[in-house]
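Peer 1: Now for the letters of each chain:
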Amino acid sequence: MSEAQAHAEVHHHSPPTSFIGKYVFSVDHKVIGLQYYGLGLLAVIIGMVLSWLMRLHLGWSTLAIPGLEKLSAAGAPGNVMTPEYYLSLMTMHGTIMVFFVLTNVPFAGFGNYFLPIQVGAADMSFPHMNMMSFWVTFTAFLVLMAAFFVPGGPPLSGWTAYAPLSAVGVEAGPGQGTGQTLWAISIAIFCVAQLLGALNFISTTLDLRTKGMSLARLPFSAWAWFITSVIGLLAFAVLLPACILLFLDRVAGTSFFIPSGLVISDKMQAHTGGSPLLWQHLFWFFGHPEVYIAILPAVGIVSHILPVFMRKPLLGPRVLVGCMVAIGFLSYMVWGHHMFVSGMNPFSAILFSVPTLVITIPATIATLLWIGSVYGSRMRFTTAALFCLGFISVFISGGISGFFLAQPSIDTYLHATYFVVAHFHFVMGVAAIFAMFAGTYFWMPKMTGRMMNETLGKVHFWLTFVGVYCIFMPMHYLGLAGNVRRYAAFTDDFLSPLIPVHQFITIAALITGAAQFIFLFNLIWSRLRGPKAPDNPWQATSLEWSTTSPPPFDNFGGRQLVVNHQPYEYGVEGPDGDYIMQTAPEAAKAR
Amino acid sequence: MKMKLFVPTLVVLLVSAALATLAVAPPAGGTISGKVTYTGTPPKMKPIDMSKEPTCAKEHAASPVMTENVVTGPGNSVEWAVVYVSAGDQGSAPGTQTLKFDQKGCQYIPHVLAMQVNQPFEIINNDPFLHNIHPLPKINPEWNKSQPPGTPPQVEKYDKPEFIPVKCNVHPWMHGYFVVLNTSHYSLTGSDGSFKIAGLPPGKYTLTAWQEQFGTQTQEVTVGAGETKSIGFVFKALPY
Amino acid sequence: MGKLFGVVLTVITLVSTAIFIFHGNLLWLPVDISAHGHGVDHQLMETMYGSGVLFVASQLLLGLFVWQAAGRKEGWKYKTFPGGAKPMVISAIALVGIEILTLSFVGSRVWAGVYLSPPDPKSLQIDVQAGQFAFYFRYAGADGQFGGLHPDKIDEGSGNFFGLNPRDDVAARDDVVVASLVIPVNRPILLTMHSKDVIHSFYVRELRIHQDIVPGLMIPLHFTATQTGRFEIVCTQLCGLGHYQMKAYLDVKTQDDFDQWLKQQEAAQ
Amino acid sequence: MEMAAGHHPIVMEKSPYGIPPGKLAMWCFVISDAVTFSAVLFAYGYLRVGSPDWIAPFQFFPTIVNGLVMTFVLLTSGLTMLAAVEAAKQGRTAAGTRWLWATCALGALFAVLHLLEWRRMLEEGWRLFQNPTGGSVHFGAAFFSVTGLHLLHVIGGVIALAIIAIGFARGKYNRIDVEITGIYWHFVDLVWMFVFPLVYLMNAK
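Chains as they are written, first to last, in the working numbering: chain A, 1 to 591; chain B, 1 to 240; chain C, 1 to 269; chain D, 1 to 205.
No lab work stands behind these hints: they were computed from the structure.
Yeah, the Cβ is synthetic: ideal placement off N, Cα and C, and Gly gets one too.
Check each hint, because a few of them may be wrong.
[Stated by the list, open to error] Residues of chain B placed beyond 12 Å of chain C at every Cβ, according to the derived structure:
#: 1; residue: 93
#: 2; residue: 139
#: 3; residue: 174
[Unchecked claim] Stretches of chain C that chain A covers, calculated by requiring three or more beta carbons in the stretch to come under 8 Å of a beta carbon on chain A:
#: 4; stretch: 103 to 109
#: 5; stretch: 240 to 246
With the rest of the complex left out, here is chain A (with noise of 0.2 Å):
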């Protein structure tokens, strides 16, 4: 009775009664989905109005925006931005929406609310760990936040913190003390956190499957969040000691990443030894198979999604979910494509350029599975379905110019341009945003009760579709042009006549930004006036959908599930319509 023992534990709590054991402190999956959808949420907002100020100093260098002094006097003397607060907005926003957003929400956030539900169980297998991981995430983001506060301001070493700016204190730069000093402590305390929900998934997964539920008949999305557990479980535990040995460099005088005689601000530095190019090794060998960790999730929650509203099964349902799997498995294997001019063996580009560009081939396969898969459907536009087919677009967009940027060769030329920064973000940012944006009107019903706005849905999506394109696009040009990244300002000869482009750009993204204003609206006034939502609104087949809306605290108020069905069994004769449910009995089966 190994396994009754063991589960045990899974079930015995009942059903908190005080309010904080309801919403704060609260071990239900359901309530620590939507407190970690929540701070994503919050963590977007702020990533948004950081994207929003540097593009107004990209565009007009020398513009006042009024209150930024209040924001920070030396940052902004007489409101013009300096550059280091610049480069201090850019790292957080980097941070902010790599870790806290792209990390939290698609994986994190509807993976704690549905895998348990998707599976048949009625919670993860360790509530408590799992709450503990949303409340030390919170810690991470609150102590990222405190470094707007410290004195000299956020750090401005970017998202990937390269050392030795990085290493070295505030002689590199005002926001290299403190600032720098609370963003290694927040990211390590952020593995920690990913690390925990990582063993809870997995075990989640693969344990607590109800009756039937083979990992034959997992959704996609469970596949995803399973398998990004899998690479979450590896890449965090590499940045976890790299932020540390980065913090011993910092405050215990160690020199891991320092080598010796440097001089900065007139100042010889102590360190001796030590290899910029180990931090880089590090946090790569995270950096890259973080990526997937964002869009992984989306893929599997784009994969569910579609299926629904196109009334027919995706084609090659184990197709995709090994391409997941051998984009996980690679994602190893290419750390150092994105080091291909950083002075190591040039040899090594070569070796680390082929696993990159082989990547490609799964992913090409997926696109070309959504894409053969809406052939021949009638398919019902919903916002949802509009957000899945936008991400399949932008998805495509931003893989593309992967193709440039795998080979060392052109990668000379395109380095630190912004046609990595249009890459990135297409493939990485916008397709997962677009995935959360689907998930969001898609699930919405079920985690709330409340159905969402459709036209105010579609309004935002067209403005959102269209503006993304407008924002990204230019930016391969400008990339193309040798426009470099990460510049305050462009006062260089061959870049001047460049900034008309980034006015373009910066005006679309203040666009596009306010555009999510309707969406968060839409967000806020359906949970409130939305009318209810009936327990299967979309037609849908997989587990979430034969649960009241909003589910029970068990989720299934203790019914036995016995999983008879694949979970995409759509355009069918069903017992009620054109599909029938994962849980439907085995007779339903028509044909």
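Chain A is fixed; fit chains B, C and D onto it per the hints.
Peer 2: Then chains B, C and D, alone, in the frame of chain A:
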């Protein structure tokens, strides 16, 4: 409430009175004047290549700016040296008027800014692009601020005497000095190396001459009322 | 709604592609002035064509299918793509696989040509010191000898950016230190690059060359410029608050002009 | 097994390897922790290879001898842990508890020996950023961070063992919990088998 105000007011009155008397006390104070010179070969003044900042490069195209760590003139005179009363000072009026430290054409004007403790000074950016000003004090608090073009002057002061190297992080060749003194009796040598400290009450003084590269020298001087003493400081210079 | 999506997607795709095709000089690579650059450019164009076709094809297909999916009547029985998943997998592996194989094969040769080929022994040797936030360049001077580097001797105020020690080191006395890189045309150049503080990067668009300058390492970089003119060297590795202002000029002169220039500089030292 | 609502059994899909969640999670933790250790050891190796001035400072006596003793202690604790798990499997609670305490004691002994050695090295002038022998400063950094990380794991394990021992005696924890602790403890044991040769033997004079 009233008492609260009364005490500080009184203190202020007394102090200012005292200072006033000290300042105006010697009607015909003594004067020390002279020249700062060098022997040997001083390091060559090198032309500064400002091509990184085209505006400045254009501005100085005709006559390139020279390095200012050792500026010498005819008769072995040494410019930018500070001569000041380092001991025996019988009291100084606080430096009140605001000094100016100008960033113009990628140069610090003046190269050396001598001031008294707690004397306010303005840092002005007169260039159409950003400057970053980063003084590197050892005992005074360190700060590092950027000045985008067209931002208001930034007013600072130091409360401990110190020789503070100043650099612009953005334009590595821009170097200057803040010389913070706790006396009002000081003089900065001009292009002819001459200095003049007037209004000294009769007495025995220790005079110190400081130059960023050569270091310091001291001399004992006694001046009587209305007397003018002439002394010279000679630094030993090496080519490298 | 679906038809609209098809249209919008098509428009976006065509406009984006059109700008790639009918680019002005402004939004495109600048003239290539290096001996190896044509390889890079050729490689880039190959990739541009290959991926361009993939981009347009996939976006338009998506748009088309969505357009169709919008027009259908209630009670439509869905069609599966002929052949199911197989054609996808095969075409992906065939098309992309072949493309990336050729790309990486050809690309590696280009890369090897630039970074794995030994420098010409007759190269002109120039020493590069990067620091916050400027580049400085050093020529060996009359004696053809570089003075040793002593970080503790670095004193920017007196123009000693490299940390030379002319007092004890005779070789250092005649080293020519300047703030812009002046080189003779059609002559192999060998740069030895090092940084005094953090990571910087040496990027000249026209040379199609890009190399990080990592403190603690002496990084060699060799190239040959084939055109005279004045070009910008910029830093592309985030190095601090002055990053965007960190630049220098590359002056490619004829051999004679270069020799003359060098003489003047030696005199000025 | 019982559910919160309605006390009738819920039938689960068989776990692929029949591993209960607790054990599975521990295995996953062990894997990720192994990666963490590899990362630190990688950094150590990277810097060591990159430091021409690397000097192996350890005398055979006392350091290596001490290391051998520590190794012996830790291996023994591994055996006692095995015994504890066996006993727990056969339901011999008393014996199991005793073996757990034995393991706990040996672990504590290891920690003490280690801390004593640290103290000796600190007295010799070793620091994270300082090397009294004049060799590469990275030795101190690498040594203290690698062994420190391991020591943290040992101390954590000792505490866990104590808690488990008490709980197991009281019947609060079952044999699975003992096995899980066992997995962790053997992992700590295994890591030492890498740390000892890499950090000690490779730095013996």
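Peer 1: Could you run down the list of hints and mark each one as holding or not?
Peer 2: Hints, one by one, checked against the model:
Separation of residue 93 (chain B) from chain C is adequate, the least Cβ-Cβ distance of about 32 Å exceeding the 12 Å criterion. Non-interface status of residue 139 (chain B) relative to chain C is upheld: no Cβ of that chain comes within 12 Å, the nearest being about 20 Å off. The claim that residue 174 (chain B) is not at the interface with chain C is violated, since a C-beta of that chain comes within 12 Å of its own (minimum 9 Å). For the stretch 103 to 109 of chain C, the assignment as covered by chain A holds, since 4 residues bring a beta-carbon within under 8 Å of that chain's beta-carbons and 3 suffice.
Here the stretch 240 to 246 of chain C counts 6 residues with a CB under 8 Å from a CB of chain A, which clears the bar of 3, and the coverage holds.
Comparing the model with each earlier hint shows a violation of hint 3 alone; every other hint is respected.
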